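Visitor: Below are the chains, spelled out letter by letter.
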Amino acid sequence: GAVVSQHPSWVICKSGTSVKIECRSLDFQATTMFWYRQFPKQSLMLMATSNEGSKATYEQGVEKDKFLINHASLTLSTLTVTSAHPEDSSFYICSASPGLAGARDEQFFGPGTRLTVL
Amino acid sequence: AQSVTQPDIHITVSEGASLELRCNYSYGATPYLFWYVQSPGQGLQLLLKYFSGDTLVQGIKGFEAEFKRSQSSFNLRKPSVHWSDAAEYFCAVAPRYNNNDMRFGAGTRLTVKP
Chain A
1 GAVVSQHPSW
11 VICKSGTSVK
21 IECRSLDFQA
31 TTMFWYRQFP
41 KQSLMLMATS
51 NEGSKATYEQ
61 GVEKDKFLIN
71 HASLTLSTLT
81 VTSAHPEDSS
91 FYICSASPGL
101 AGARDEQFFG
111 PGTRLTVL
Chain B
1 AQSVTQPDIH
11 ITVSEGASLE
21 LRCNYSYGAT
31 PYLFWYVQSP
41 GQGLQLLLKY
51 FSGDTLVQGI
61 KGFEAEFKRS
71 QSSFNLRKPS
81 VHWSDAAEYF
91 CAVAPRYNNN
101 DMRFGAGTRL
111 TVKP
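Quick mapping for you: the protein sequence lines, in order, are chains A and B.
For the first sequence, counting from 1, position 76 maps to 76 in our numbering; every step adds exactly one.
For the second sequence, counting from 1, position 25 maps to 25 in our numbering; every step adds exactly one.
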């Protein structure tokens with residue numbers, strides 16, 4: 001089956017620093033990638049959707065300048081949390097789809113990245 | 001407002017017993033419906049999905065789910081649970097013809113007793 005990896009699996013950083021999380025589709029080309037945030041014992045919340053080579057579309061309430069998303073190739077998307085603060089601590093999950101945004105293609109999920117900001 | 005509800009945060013069943021995980025949704029029109037499973041340290045895996053047609057959907061690992069329009073429900077079932085089924089289960093919905101706007105329930109953690 002389609003495999004999506006994330007790196008790192010966990011990261012601890014100091015407040016005010018930036019952290020980059022990578023999401024890779026290992027055996028298929030991901031036309032569309034999604035970034036989610038998951039709080040403890042809560043749902044996954046969609047943060048943004050990105051198509052390769054285009055700017056990401058952010059959900060309402062998600063700060064574009066704080067959560068920078070780059071989808072530079074068909075197998076790689078990155079999420080950079082800029083000037084991280086303790087409230088940004090969370091579990092970040094990416095997913096990838098071979099279809100265009102809005103299609104019915106299945107999303108394949110990565111294992112997630114645990115971010116802790118001290 | 002659109003929402004997905006999984007009423008049970010944590011369920012414990014004995015190995016070999018039957019299982020039913022509940023999912024209710026509130027949407028203007030019947031959405032696409034999904035069940036995912038998440039094991040520790042692993043990504044979400046799709047168990048099954050409902051787009052249209054037969055309201056009883058068969059999935060992987062022996063799971064099935066039944067869509068009931070009148071109850072706005074999409075409950076997940078398995079006749080005999082295995083210890084390896086212990087995991088977190090998420091119900092998710094997406095508007096028709098747009099898989100982007102996927103909304104997840106809070107999840108149900110399944111513990112399997114030997």
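Hints are computed from structural coordinates only; laboratory data are not their basis.
Accuracy of the hints is not assured; some may be wrong.
What the hints assert, rightly or not - 25 Å max Cα-Cα, derived SDA-like pairs, lysine to any residue:
1) B:K61 <-> A:K66
2) A:K41 <-> B:S70
3) A:K41 <-> B:S73
4) B:K61 <-> A:D105
5) A:K41 <-> B:I9
6) A:K20 <-> B:W83
7) A:K41 <-> B:T55
8) A:K20 <-> B:G43
9) A:K41 <-> B:T108
10) A:K41 <-> B:A87
11) B:K49 <-> A:D27
12) A:K41 <-> B:R103
13) A:K41 <-> B:T111
14) A:K41 <-> B:L56
15) A:K20 <-> A:L46
16) B:K49 <-> A:K20
17) B:K61 <-> A:E106
18) B:K49 <-> A:S89
19) A:K41 <-> B:D8
20) A:K41 <-> B:P7
21) A:K41 <-> B:W83
22) A:K41 <-> B:H82
23) A:K41 <-> B:Q6
24) B:K49 <-> A:L26
25) A:K14 <-> B:L19
26) A:K66 <-> A:S89
27) A:K41 <-> B:N100
28) A:K41 <-> B:S72
Predicted model, so just to flag it, every value in this text is computed and none were measured.
Visitor: The structure should be examined with respect to each hint, and the outcome stated for every one.
Guide: Here's how the hints hold up against the structure:
no.	hint	result
1	B:K61 <-> A:K66	40 Å, violated
2	A:K41 <-> B:S70	29 Å, violated
3	A:K41 <-> B:S73	21 Å, holds
4	B:K61 <-> A:D105	21 Å, holds
5	A:K41 <-> B:I9	8 Å, holds
6	A:K20 <-> B:W83	36 Å, violated
7	A:K41 <-> B:T55	29 Å, violated
8	A:K20 <-> B:G43	19 Å, holds
9	A:K41 <-> B:T108	9 Å, holds
10	A:K41 <-> B:A87	13 Å, holds
11	B:K49 <-> A:D27	23 Å, holds
12	A:K41 <-> B:R103	15 Å, holds
13	A:K41 <-> B:T111	15 Å, holds
14	A:K41 <-> B:L56	29 Å, violated
15	A:K20 <-> A:L46	18 Å, holds
16	B:K49 <-> A:K20	32 Å, violated
17	B:K61 <-> A:E106	18 Å, holds
18	B:K49 <-> A:S89	31 Å, violated
19	A:K41 <-> B:D8	12 Å, holds
20	A:K41 <-> B:P7	13 Å, holds
21	A:K41 <-> B:W83	22 Å, holds
22	A:K41 <-> B:H82	24 Å, holds
23	A:K41 <-> B:Q6	12 Å, holds
24	B:K49 <-> A:L26	24 Å, holds
25	A:K14 <-> B:L19	44 Å, violated
26	A:K66 <-> A:S89	13 Å, holds
27	A:K41 <-> B:N100	23 Å, holds
28	A:K41 <-> B:S72	23 Å, holds
Comparing the model with each earlier hint shows violations of hints 1, 2, 6, 7, 14, 16, 18 and 25; every other hint is respected.
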